[in-house]
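Visitor: Listed here are the chains, written in short residue letters.
There are 2 protein chains.
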Amino acid sequence: MIEALRWVGDRDGHVSMIDQTRLPDVLIDLEITNPDDMIAAIRRLSVRGAPAIGVAAAYGACLATRGLTDAVEVRAALDRELPKIRDSRPTAVNLHHMVDRMRRLIDASDLTGCELRDRLLQEACSIQAEDRELCLMIGRAGAALVKDGGRVLTHCNAGALATGGQGTALSVFYAAKDAGRRFEVVADETRPLLQGARLTAWELQKAEIPVTVICDNAAGHLFARGEIDLVVTGADRVASNGDAANKIGTYTVACLAQLHNVPFYIAAPSTTFDFSLATGAEIPIEERSGDEVWRVSGSGPIPDGVKVRNPAFDVTPASMVKGWITEKGIIQPPFAEIRPEATR
Amino acid sequence: MIEALRWVGDRDGHVSMIDQTRLPDVLIDLEITNPDDMIAAIRRLSVRGAPAIGVAAAYGACLATRGLTDAVEVRAALDRELPKIRDSRPTAVNLHHMVDRMRRLIDASDLTGCELRDRLLQEACSIQAEDRELCLMIGRAGAALVKDGGRVLTHCNAGALATGGQGTALSVFYAAKDAGRRFEVVADETRPLLQGARLTAWELQKAEIPVTVICDNAAGHLFARGEIDLVVTGADRVASNGDAANKIGTYTVACLAQLHNVPFYIAAPSTTFDFSLATGAEIPIEERSGDEVWRVSGSGPIPDGVKVRNPAFDVTPASMVKGWITEKGIIQPPFAEIRPEATR
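Residue numbers (numbering that gives the first Met the number 0), protein chains in the order written: chain A, 0 to 343; chain B, 0 to 343.
In case anyone wonders, no lab produced these hints; they're calculated from the structure.
These numbers were taken from a predicted model, which means no experiment stands behind them.
Virtual Cβ for every residue (Gly too), placed ideally from N, Cα, C.
Certain hints may be false.
[Unchecked claim] Stretch by stretch, here's where chain A covers chain B in the computed footprint (C-beta under 8 Å, at least three residues):
# : stretch
1 : 191-197
2 : 200-208
3 : 212-220
4 : 243-250
5 : 301-312
[What the hints assert, rightly or not] Restricting the straight-line Cα-Cα distance to at most 25 Å, the calculated cross-link-like pairs of lysine-lysine (DSS-like) are:
#  : chain 1 : residue 1 : chain 2 : residue 2
6  : B       : K176      : B       : K327
7  : B       : K306      : A       : K146
8  : A       : K306      : B       : K327
9  : A       : K146      : A       : K306
10 : A       : K176      : B       : K306
11 : A       : K306      : B       : K306
12 : A       : K205      : B       : K306
13 : B       : K205      : A       : K306
Construct the entire structure; sequences and hints are all you get.
Guide: Structure (structure tokens):
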């Protein structure tokens, strides 16, 4: 299985990550050695997907202390850099959760600079190892949903490239394949940045799962013809009531699934749930530059001066979601299986 | 108002048409002098939109007889070329209607070659003049639907570029603007060939109607936020019961409109109705090359070997359409206002 990112070396090491903006043309690793470069990589989507940017943020904390030996300096560097990492993108909650987890680690300790940094790296590596395990458990929890001969639609990329492990939605497909089921995946191309066409198609092709790419707007046509049996997507943040923010266009797919009585599932680890929010209305939706819409064609298809809107996410209401595929199985609100007891 | 195409000169003249594949980068006219070039222009979408290709087909008949003087040769040329023109694209019915109208003209006559060719050209010019009038009447019929402060969504391009006149859906907007109403249009970019981003945005910008381009998959997000009051699209073929084939993605928009209780209208002249078909299930849906999906990014975003599906149209069931805006007003099935008495 491909690995979106990993730590290389000891506490003075660096992060090696696939530059996802270059896929599928070239498979190139970026070597990230400082938090500013990590933030830039997160912002331009060289690394993306809620769990993957959670892992990237944890490693970013380690990079922030690179070369330091004094505990006071280590803490000062974290005080300075962690808020910037935390704010690099607004919608995915894993970013916040993992930055907060790194901060809690140092708040509670009384170690030397180097000891602290070893602890930070240990914690970041644990975060990735745990995510790897969560992905496998999500796959196992959802595999039975994919029937032999099934035709499953997914949107954007919720695969190995989006996580520290083998994915969320795509992990369900990988597990179904391992269980011997034959099925086809329809991948929405996922405008504007084509994560479905570029990343999901690439991942599934590597895994030898049959995949067909369609333009996002063709999904309705396939639903109308009865060619979609199941929808599974990832999520960037799930609120307490189950409302789920995910890549723009997910809500449109959920509407189609509802109108055509096709089950729609969200696959996400507990780390993507935000129990501090009552509903999806509280999830901040990132608006990205209209240039992303414009640049898809070399010559720029949109006339100069025309306004472009580019919301990066939308919210699918819980009422449209048949189940939330997590490491604890397919669960329902109020998600007692994964809800921290202390919260709310 | 821009003109998608026009005849230049006498019976030995030619067709001048905007090359819509080049918009909005450059505004270039193609000079079409023979039916093969006209068929190629129709196939590659240099001219597109059901009414416009109906007009193009009529002119194509004139081009097929260019330079001929003998009536037998004129008829032979038409026998040879008209079926090819008729089959150049399968979904838009105007193409069939106008080819059949040109054929009926010569079948009934006993004229010399040059007289025949003058009659053909006269008929083709009449077809465009009539379409111009139909567009104006559609605009008048629908203008009151657009409210002051309204936010209207349209898909693909159903404007001057799609007709012999000022459009169908966009004619409604032009008429509303002429009536002094201020409103905004949201234009779906309309993958794969971006007719919304390229053509509708260009037309509306020229007409000084505020327009915002979105990725197709973002429409659901805008509906969910209550930012769309009305949908008007064109059609390529409307069946007897009102089912309407239109650019791929129209059905997805109709589903969103239904779920959010937003009225969805089809704007189309009677020439786009096909009373020989009972329902939309009988409308042939063109499947175009997957290369169209692929080529949007210079470097090709889809991995080699991955299957791509590219249906060019979909069918919106009559049950999702609030009204059909025609030259006879906003009408309902069984469309007695426009149904030829002899049919069915």
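Visitor: Evaluate each hint against the coordinates.
Guide: Against the structure, the hints:
Evaluation of the coverage hint for the stretch 191-197 of chain B: fulfilled, as 4 residues show C-beta separations to chain A shorter than 8 Å, against a requirement of three. Check on the stretch 200-208 of chain B: 3 of its residues sit with their Cβ under 8 Å from a Cβ of chain A, so the three-residue criterion for coverage holds. Coverage of the stretch 212-220 of chain B by chain A holds [criterion: at least 3 residues with CB-CB distance below 8 Å; count 9]. Three residues within the 8 Å Cβ limit are the bar, and the stretch 243-250 of chain B against chain A gives 3, so the coverage statement holds.
Three residues within the 8 Å Cβ limit are the bar, and the stretch 301-312 of chain B against chain A gives 9, so the coverage statement holds. With a CA separation close to 21 Å, the supplied pair K176/B and K327/B stays within the 25 Å bound. Under the criterion of a C-alpha separation no larger than 25 Å, the hint pairing K306/B with K146/A is consistent with the structure, at around 21 Å. Between the alpha carbons of K306/A and K327/B the distance comes to roughly 34 Å, so the proposed pair goes past 25 Å and is violated.
Only pairs whose Cα atoms come within 25 Å are accepted, and K146/A paired with K306/A is rejected, the gap being roughly 44 Å. Taking the CA atoms of K176/A and K306/B, the gap is about 19 Å. The hint holds against a cut of 25 Å. At most 25 Å may separate the alpha-carbon atoms for a hinted pair to count; K306/A and K306/B exceed this at roughly 33 Å. Note on K205/A and K306/B: the hinted pairing holds, with a Cα-Cα distance of about 14 Å set against a maximum of 25 Å.
The straight-line distance between the Cα atoms of K205/B and K306/A is roughly 14 Å, inside the 25 Å bound, and the hint therefore holds.
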